[in-house]
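Residue numbers (UniProt numbering), protein chains in the order written: chain L, 1 to 281; chain Z, 1 to 281.
Some hints here could point you the wrong way.
Intra- or inter-copy, both count: the list cannot distinguish identical chains.
[Said to hold, decoys possible] Heads up, simulated EDC-like pairs for lysine to aspartate or glutamate below, C-alpha to C-alpha not over 20 angstroms straight-line:
1) K50 / E238
2) K175 / D145
3) K50 / E71
4) K252 / D99
5) K201 / D123
6) K201 / D260
7) K50 / D260
8) K50 / E236
9) K186 / D123
10) K175 / D260
11) K186 / D170
12) K249 / D222
Simulated from the structure, these hints should not be mistaken for laboratory data.
Number of protein chains: 2
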Amino acid sequence: MKTLVPEEPDWLQHRVTRIDDAEDDRLAPYRNVRERDLVGREGRFIAEGKVVLNVMLSNPAFAVESLLILENRLAGLTQQLKLCPPDVPIYCVSREVMDAIAGFPMHRGILAVGGRNAPHSIDALIDGMPDKALAVVLCGISNHDNMGSIFRNAAAFEADCIFMDETSCDPLYRKAIRVSVGAALKVPFAREGSIETIVAKLQTAGFDIFALSPAGITDIYDAKPSRRVALLLGTEGEGLPKLLLEKLKTVKIPMSGSFDSLNVATASGIALSRFSRFSGL
Amino acid sequence: MKTLVPEEPDWLQHRVTRIDDAEDDRLAPYRNVRERDLVGREGRFIAEGKVVLNVMLSNPAFAVESLLILENRLAGLTQQLKLCPPDVPIYCVSREVMDAIAGFPMHRGILAVGGRNAPHSIDALIDGMPDKALAVVLCGISNHDNMGSIFRNAAAFEADCIFMDETSCDPLYRKAIRVSVGAALKVPFAREGSIETIVAKLQTAGFDIFALSPAGITDIYDAKPSRRVALLLGTEGEGLPKLLLEKLKTVKIPMSGSFDSLNVATASGIALSRFSRFSGL
């Protein structure tokens, strides 16, 4: 094996496998990361960046399959790479090879392939929830940035889990994981069924559901939370289905009447901050 | 002029100038929008999308120089285009010409060039502020998404203005305007000088400055706002300068100790919601 860069300790040089051919089969899972739908079909996800790598490697629940690191990023990752199980290959490539594999300029230079755990069912997640609980429920969230931000907020305010209907996008898509700074790998979630099914199951389990809407009846700062709260958020454009809103307690974040409503991820942060155990309620 | 699409009313067909040559000089301001720094140098900005166009055309303070609309978007914009002053050219192009001019696939298909107004000075903005006021102060915010989101939140909670130091990025950059859903064109801002200068001037003007920090001393839900509040936010990575934090009241958003802090834009939303006049304080 050829020497990588002079600053690298000996162990790292021996731990890492250098690959100079972008066509090498071992790199197949990383090919065309942006276009490819690794999701579901292959039971894997792609993670990128140092922060997310930290989360993956410090959480034994995730089966890390391999890492792909740009040669000049190795030296800054010694701490992380020490945590990498010895049977997980660490591939190292040049900038040219990295960009050729990824299919676009991959500035971060840190990628990993992980195996997905079996998805949670709504029922299993509800069964495992504590007596005092805070859940987030998402309806039709199709933007990966928003999905990632909502997970980040849920982790920051220690929501117990996130339920989302089948029309919501996949939180384990690369960009959603990145924006979540790894929270998509930490906060338990279920993504199945219709929003009506999720709401019905949560109500049966004793959750008080607060549907966030710019036209909500109660100010979130006046709403009295019970022991089990579920915050329901819909898309920014269409909002939550009218029929559903009519059957639920609706809450609003008090704000200017003359401006477009808040971004849904920001709204989730404000509502989570208000209803989390950290707010002193 | 040739007929555009059958659904267009007569007036629109006569109002719009079709251009079939991507090299046409009238399209020069739109060339390579992504790479070019239209900012400052030419005293202009580029806006994109229907929501932002609405804001521009309904606010006479902005000198709209021209619009560039994809042919198949015209029919959905009749309301907006009626508001467009008669001396402002509305150019219409095919998908091919649009992408060739922009330099990348321009999905939204709605662009406008506006003239920048003279920038506000810190002093002028402070002089114009009401007795009871809420300001946002930004230090080193270099990400255009975050900048845009902070403006959106400031508009939603009716902050009076935003001050930012000279190391913060330009809120009138195309992407920041888009993410702000036009708020970057509405909320008055000053971008000049060091953060120390801004803070000193606000203190002289009687502002109580709350510096947001994960290590802040006071919980934002316990902080007592005075009549003039300025919320100071720094970058996510480095946070606010230590020397500055030592001299100011620091506040924190109460959250999990085991997770990466919030995104700065989300933090701005939570703090603005807490300190805005809508919170009932």
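Indicate which option fits the pair K201, D123 if close means a Cα-Cα distance not exceeding 20 angstroms: within, between, both or neither.
Result: close within a single copy only, 8 angstroms intra versus 57 angstroms inter.
Checking K50 and E236: alpha-carbon separation at most 20 angstroms within a copy, between copies, both or neither?
between (31 angstroms within a copy, 15 angstroms between copies)
If the cutoff is 20 angstroms on CA atoms, where do K186 and D123 land: within, between, both or neither? Let me know, please.
Cα proximity of K186 and D123: one copy only (19 angstroms, versus 47 angstroms across).
Alpha-carbon proximity between K186 and D170, which holds within one copy, between copies, both or neither at 20 angstroms
within (14 angstroms within a copy, 35 angstroms between copies)
When Cα atoms must be at most 20 angstroms apart, do K252 and D99 count as within-copy, between-copy, both, or neither?
neither (45 angstroms within a copy, 41 angstroms between copies)
Regarding K175 and D260, is the shortest C-alpha distance of 20 angstroms or less found within a copy, between copies, in both, or in neither?
between (26 angstroms within a copy, 17 angstroms between copies)
Have a look at K50 and E71 and pick one of within, between, both or neither, based on CA distance no larger than 20 angstroms.
Cα proximity of K50 and E71: one copy only (14 angstroms, versus 44 angstroms across).
Treating 20 angstroms as the Cα threshold, decide for K50 and D260: within, between, both or neither.
Cα proximity of K50 and D260: across copies only (13 angstroms, versus 35 angstroms in one copy).
As a check of your reading, is K201 near D260 (CA-CA no more than 20 angstroms) within one copy, between copies, both or neither?
Neither. Shortest intra-copy (32 angstroms) and inter-copy (32 angstroms) distances fail the 20 angstroms Cα cut-off.
Using 20 angstroms as the alpha-carbon threshold, which applies to K50 and E238: within, between, both, or neither?
between (36 angstroms within a copy, 16 angstroms between copies)
One pair to classify: K175 and D145, alpha carbons no more than 20 angstroms apart. Within, between, both, or neither?
Cα proximity of K175 and D145: in one copy and across copies (7 angstroms, 15 angstroms).
Within a copy, between copies, both or neither: which one fits K249 and D222 at a CA-CA cutoff of 20 angstroms?
within (12 angstroms within a copy, 27 angstroms between copies)
In the structure shown, a violation is registered for the earlier hints numbered 4 and 6, in ascending order.
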